[in-house]
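Novice: For the sequence shown, my numbering assigns the number 1 to the initial residue and increments by one for each residue that follows.
Keep in mind the hints are simulated off the structure, nothing from the lab.
Be aware that one or more of the hints could be misleading.
[Unchecked claim] Straight line, CA to CA, 25 Å or less: simulated SDA-like cross-link-like pairs of lysine to any residue:
hint, residue 1, residue 2
1, Lys108, Glu136
2, Lys108, Asp51
3, Lys126, Cys85
4, Lys108, Asp35
5, Lys108, His132
6, Lys126, Leu68
7, Lys108, Tyr71
8, Lys126, Asp35
9, Lys149, Gln22
10, Lys108, Leu86
11, Lys126, Leu86
12, Lys108, Arg14
13, Lys149, Gln10
14, Lys108, Val47
15, Lys108, Gly48
16, Lys149, Phe67
17, Lys108, Asn49
18, Lys108, Ala21
19, Lys108, Phe146
20, Lys108, Val25
21, Lys126, Phe67
22, Lys126, Thr109
23, Lys149, Asp51
24, Lys126, Glu151
25, Lys108, Lys149
26, Lys108, Ala20
27, Lys126, Tyr71
28, Lys126, Pro107
29, Lys126, Phe146
[Unchecked claim] Pair ranges (Cβ atoms, derived):
hint, residue 1, residue 2, range
30, Arg14, Lys126, 25 to 31 Å
31, Asp118, Met87, 16 to 22 Å
32, His125, Gln22, 16 to 22 Å
Glycine residues also receive a C-beta, built at the ideal position from the N, C-alpha and C atoms.
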Amino acid sequence: MTEVHEQYMQEAIRLAQNAAAQGEVPVGALIVREDGLRLGMGFNQNVGNSDPTAHAEVMALREAGDFLGNYRLSNATLYVTLEPCLMCFTAMIHARVARLVYGAGDPKTGFTRFLDEDRLAMFNHKMEIVPHILEEENAECIRAFFREKRERGKRRWLKNQS
Numbered sequence: 001m002t003e004v005h006e007q008y009m010q011e012a013i014r015l016a017q018n019a020a021a022q023g024e025v026p027v028g029a030l031i032v033r034e035d036g037l038r039l040g041m042g043f044n045q046n047v048g049n050s051d052p053t054a055h056a057e058v059m060a061l062r063e064a065g066d067f068l069g070n071y072r073l074s075n076a077t078l079y080v081t082l083e084p085c086l087m088c089f090t091a092m093i094h095a096r097v098a099r100l101v102y103g104a105g106d107p108k109t110g111f112t113r114f115l116d117e118d119r120l121a122m123f124n125h126k127m128e129i130v131p132h133i134l135e136e137e138n139a140e141c142i143r144a145f146f147r148e149k150r151e152r153g154k155r156r157w158l159k160n161q162s
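All chains, please: the whole structure from these sequences, using the hints.
Specialist: The structure is reproduced here in structure tokens:
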């Protein structure tokens, strides 16, 4: 199963690259039904859409819901390059996503920082969670984005000093 997860995660990484190309934090998400049908995809669009909810996962959930004409995604797996935040994780619970597969952990705002196993057990929907698929590749994508962003800021600052 890991090989299948890696294949879909590669697609999510390509979506994250779309976000980076638009100056957004590079996070990509893909929703796949158990028969392999791609239901929805998304990448971060918070800045471009002036929308704090335009996370990759939410964009993919919206597209999948539109595609199916139903917000319930009970036979679907959501692949995302970065551990979801609480908002996105809760949206997946409401959508009844069967499985979450994520790449890099998020030590600042990832849902696992706030929800331990006891709290996860309190939800009425139980979702299989598969962490750390292509973790280093996903983490490096985000590190590179912020490294470049800091460097651009430094170049701008040096230019203003001359």
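Novice: List, from low to high, the hint numbers that the structure doesn't satisfy.
Specialist: The structure breaks hints 4, 7, 16, 24, 29 and 32; every other hint is satisfied.
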